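Chains as they are written, first to last, in numbering that gives the first Met the number 0: chain A, 0 to 447; chain B, 0 to 223.
You may find that some hints are simply not true.
Derived CB-CB ranges, DEER-like [unchecked claim]:
#1 B:143 x A:312: 51 to 57 Å
#2 A:325 x B:87: 21 to 27 Å
#3 A:258 x B:49: 40 to 46 Å
#4 B:126 x A:225: 40 to 46 Å
#5 A:200 x B:62: 41 to 47 Å
#6 A:174 x B:108: 30 to 36 Å
#7 A:364 x B:87: 38 to 44 Å
Bear in mind the hints are in silico, worked out from the structure with no lab data behind them. Bear in mind the structure is a predicted one, so any value in this text is a computation, not a measurement. Note that the Cβ used here is the ideal one computed from N, Cα and C, for glycine as well.
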Amino acid sequence: MAHHAEHFDLDEKFDFSSAVKKRIFTVLILGLVFAVIGLIMLIMGGGGDSHGGHGLNGLSEGSLAYGGGGAAAEGGHGHAVTWVTRVKVNFWINSVYFVGLSLIGAFFIAIQYVAMAGWSSGLRRIPEAIFKFLPFAAVMLVATFAVSYHDIFHWTDASLYDLNSPHYDAIIDGKKGYLNMTFYIARSIIYLGVWILFTFLMQKQFNAEEFNLDPSNPNKQFYNMIKLSAGFIVFFGLSTSMAAWDWVMSIDTHWFSTMFGWYNFASWWVGGLATITLVVIYLKQGGYLKFVNESHLHDLGKFVFGFSIFWTYIWFSQFLLIYYANISEETVYFIDRLESDKYGKFIFINLIFNFIFPFFGLMTRDAKRKMRILQMVCIIVIVGHWLDFYQMIMPGTLKDQGGFGFFEIGIFMIFVSAFAYVIAMNLAKLPLIPKNHPLIKESLNHHH
Amino acid sequence: MATAHHNAETDKHYLLGIYNDEDVLLDAVEHVRKKGVKIYEVFTPYPIHGLEHALGYKRSFMPRAAFAFGALGNICAILLQTTIMGIDWPMIIGGKSFIAIPNFIPVIFECTVLFAAFGMVGTFLVTNSLYPHKVPRIFDRRSTDDKHIVAIDLAKNTLSEAEIRNILIESGVEKHTSADGTEHVGIKQRNFTDEENKGSFIRYLADLIANGVTSSNRAIKTSK
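Work the whole structure out from these sequences, hints included.
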């Protein structure tokens, strides 16, 4: 009953014990083993089996006959398509994905504050620990870009802008005002820098709330956070869309989609919500967060369920318009993905993982309230949205030279273990329940 | 089993317990049920959190109805479009095949939502016998204003009326003293006329079919 207050240990702390570390290191070692096996297979196989050659790309790109040497430029990026590129591309996929996941920690907190939501206040430490991974993921992203921009981003090739070069590309030259190295790097640094700055400012408020609460003004940090969150949401809305164009959409330089920013945001958002839910479930299974009951899980489940449908809606809106209009400049994106024997299946796996499973798995009220089902769906969704980024990035960079194997699984597992380690390390730093949050009682007594 | 206590004069008699406060009401409902009294229904001016648990209601079947109607809408939309576009009048549109599933999805989606929504509204109205021109059985007008009313069907209870009255008084029904010093307890009897009691959708439809739109099924009657 709602009006019967219960009492919980408000000072409980997460113990980053050796058992937890062992689990994380097991994932790491498995990931390393997979990555090494995968790498050996790649090197032995000479950078992916190349039967079929460039035939497919030759068809899809060549038949479009863009002005100048468009076909030659997009499809004929012949050099350096080896296992080295595949390593770089894998790091790029995971950096982009995990920057997004950790950023969602801050976004989740921001919308909870702006909505003055009470139910989630007791869970705030989890997204708080998640956004601590942002600086690491950002460094990974920048480092990967520095090493491999030439292999991932076709538009960085200087000869495309040279009128006298046989590679001259009128379309890409037309995008020079936006897609040039200086502006691109400046933009990326602004996104990452401002995001990280916001997480630091948020953390400052949380630390003040925990350790330096002014008894005469106990809501000060709460109101500061509302202002901070409102600012963050505005910047987040603009910057995630632009980051999606820059980091993902510009890989297929000729192609563009007005849905793309939303599509990437939706993918990150669902992945992030599933991560938050999964960490809550793991903590609860470990005997922490006693106050978390079916109602909290139900609300988190509704988030994952609802935004999985949102993601599908965005995905389908992008697909349907391109399919229906049937303009070759646009369809080329899906031809590369659907008609390739390498990636053809991934579009369907993507939809099964990110729509069918969460939709039918979490449809009923009972399913959202059962920890086991929610846990399984969250794992599927996290893997599913990784696959989503995989099929956005891999076909555009490696064309039919890419693939999916032990190496991809291994690198993903290494990132997962690093992510989990940083989350667990930060969870252990502060008490698990933010007891000075003004709305904490609402969360502790949440029932519906 | 019930015949031992069955009392002809309590037929169609309802006993109403009238409460001022929702917290008192929640505890009272639990108390009354614990004493073995079967509650017919509780009427409140606004939704009360936890009342359905206190009354021991089972989960509503509405979500399942929604799924069933949604699935029906889904199938109907697929059949409609494949029949028209694929079999009855095949047309080439935009170079697509006759049965181009992606094109159908928006309509499939809309029909699923439409059927689920209308189906749920219909199911809700029929299960609650809320249909046009239904004669409402209003137990006590104050349940739309400031009082919570617990209605108990005496015919469905094995306890005698006096016992139930005592249980209601124990549970904390409202009390007030009038100017002349007599004490009033918030317990009331309520009887309905035969016409008020015959609320059946089937009967309404039968009446409509047999007599057309006549004064008998058009009249909106209010109690008193």
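Comparing the hints with the structure gives:
1. In this structure, residue 143 of chain B and residue 312 of chain A break the distance hint of 51 to 57 Å, their C-beta atoms being roughly 41 Å apart.
2. Residue 325 of chain A and residue 87 of chain B have their C-beta atoms about 24 Å apart, which keeps the hinted 21 to 27 Å range intact.
3. Checked against the given bound of 40 to 46 Å, the beta carbons of residue 258 of chain A and residue 49 of chain B, roughly 44 Å apart, stay inside it.
4. Evaluation of the 40 to 46 Å hint for residue 126 of chain B and residue 225 of chain A yields a pass: the beta carbon distance comes to about 44 Å.
5. In this structure, residue 200 of chain A and residue 62 of chain B meet the distance hint of 41 to 47 Å, their C-beta atoms being roughly 43 Å apart.
6. Distance hint check: the CB atoms of residue 174 of chain A and residue 108 of chain B are about 35 Å apart, consistent with the given range 30 to 36 Å.
7. Hint check: residue 364 of chain A to residue 87 of chain B, Cβ distance near 41 Å, so the stated range 38 to 44 Å holds.
Hint check: a violation occurs at hint 1 only; the rest are consistent with the structure.
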